[in-house]
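Number of protein chains: 2
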Amino acid sequence: MQGPGDRGKDIYGAGDVRIENVPDSVIKHPTDALIRTTASCICGSDLHPYGSMKPEDRPARMGHEFIGIVEDTGTEVTTVKRGDPVVAPFAISDNTCAFCREGLHTSCAHPQANFWDGEPEEGGQAEAVRVPLADGTLVKLPVAPASSLIPSLLTLSDVLGTGYHAAVAGSVNERTRVTVIGDGAVGLMAVLSTKGLGAEQIILMGCHQERTDLGREFGATGIVAARGEEGIAAVRDLPGGHGTHVVIEAVGHLPAYDQALGVVRPGDVISRVAVPQYEKAPIGFGSLFRHNIRLAGGPAPARACIEELMPAILDGTIEPGKVFDANTNLDGVPAGYQDMADRKSLKVLVKP
Amino acid sequence: MQGPGDRGKDIYGAGDVRIENVPDSVIKHPTDALIRTTASCICGSDLHPYGSMKPEDRPARMGHEFIGIVEDTGTEVTTVKRGDPVVAPFAISDNTCAFCREGLHTSCAHPQANFWDGEPEEGGQAEAVRVPLADGTLVKLPVAPASSLIPSLLTLSDVLGTGYHAAVAGSVNERTRVTVIGDGAVGLMAVLSTKGLGAEQIILMGCHQERTDLGREFGATGIVAARGEEGIAAVRDLPGGHGTHVVIEAVGHLPAYDQALGVVRPGDVISRVAVPQYEKAPIGFGSLFRHNIRLAGGPAPARACIEELMPAILDGTIEPGKVFDANTNLDGVPAGYQDMADRKSLKVLVKP
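Residue numbers (my numbering), protein chains in the order written: chain A, 38 to 389; chain B, 38 to 389.
Only true hints are included.
Pairwise CB distance ranges, derived in the manner of DEER restraints:
no., chain 1, residue 1, chain 2, residue 2, range
1, B, H290, A, N210, 35 to 41 angstroms
2, A, R138, B, E158, 55 to 61 angstroms
3, A, R380, B, N210, 41 to 47 angstroms
By construction, these hints were calculated from the structure, which means they are not laboratory data. We put the CB at the ideal spot given by N, CA and C, even for glycine.
The task is simple: from the sequences and hints, build the whole structure.
Structure below.
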């Protein structure tokens, strides 16, 4: 927070992530907190602008998953104080409005509620971050930044909550058979969450064996290493037939949605949590309507999931931090993006 | 069933419905029943081919809502017998498969399961109909064909069950505020059903005062007689704000879906029961995804609703038959189509 300015990651366009010295983050509102970042990571959704951002939109600060130490707080902040280790979810919320009280923090009605994408001067892939609505947004951690639990606790920022939301939005329970489409970090967290909710059958559709092996460790009962019509046929041929009750679409591209339509059971549900990279898609008589297929999901209210899921991490019941298969510092972030884009890394943890 | 053949309604193309002598319906399978129709009606969905059917597809037998007397039964039929008054839902099902047992008769897995549209030689707007899977499909009525309850019981074939399914698929309960888009017969049945499930606020969006007046009688607490942006703003300005928890889309055209997107509350649900006259529609970040809007609905399992809803008709709690504002005989059916298309009639009851 001192010196010539903080260092943070800016994206300049497709394939162009740079580390830069940027102005110090400072408290702007009495409800802000300043956080010195101790751990952050790269998200699958960061790869969308990495793959397609137009130069005229550049640059944008990156990163929306982080753990850090409170450095300073605005005068109205009461729930965290200087020196506290905290985790931040990927959406800023007041935790008091009607939507937050219902657990939908990603639709918080507060005028300052936002995604980190909407805070152009802040990002978690940086040395320091100004966190608006600190009382609503941040959650204090009961462990030190050097704890071996930090990778798992960092997944509370987004990827674990997102996988869990996928399962909850799909109403997974002990009687459901589930297909998870996509063996990326979100898909694997969806497997872990689905297992936690007791699903009797969990099919993971993915073509990268290291990832699907981790999926088995997280609870997948079967792997389908095929896409499109071949993958659909493989799922529909499984015991029970007619597809599975819940299909979690953890990719965000249209072919994955089409695959979901192919493997969902009549009367059941497709749950989407990866940001759709399309706006229009089939929902008429020939797709969703004919067999009463429901569509659910959206951005996960990670803030609501943190207190719900943290105990299972602290007591060792789950170890979601296993999704991090690479570590780097800020200087290594550009290479981390490329490794994730090339599928060399599953998910990269960043220690500034 | 005797003489030169039955008379039934065939559609030849857009705007071209003709009454014709057609071959006698006969028992083909041991699970069939032959019904002499005593009451049928014209459905809003019949108006779709009436508006757009291509001449090369002609002709098709019409009508999927009817009450009648069992004239004959195949050797395997056990639940109805000659002389029984019965009502038929708009889908043929065996009432025993896994989907039927779950109450999703419209996805019945039996090879002979079908919509009446899929039975080219049969239709309810006729003197007689062969009903496949009679044990699964037909429900015996406890009143005679001359009963004053017949119009209301006839709505069990489709329109009441469809409105009820819209409300159930939207998870309407005592705490929900509901918008119903469309003041046609399905929209009005959705109002009636939503009221029955105890919704605290029911906004009916419709521009035909005679229909919205009936909507008020069925339980609507407010009417918005505007469409598009103006209509959306009117609903969003209502107490509670942010739109309503449930939006029932009872029209089937894309502008109605767009209207539903405009008035649904974050985290809540759009329930569709009118057959979509589109295949692709917005479901990405800018429409459903951003605020975790769910999409539900499909063809109503009317068969499942019949036994559930019939008692309320028999004891006079509800009088859904009020949607019929015109009566005719078979000769009057072509004019009935045109009157419904011109919005002169809400729903036409046909007594062959």
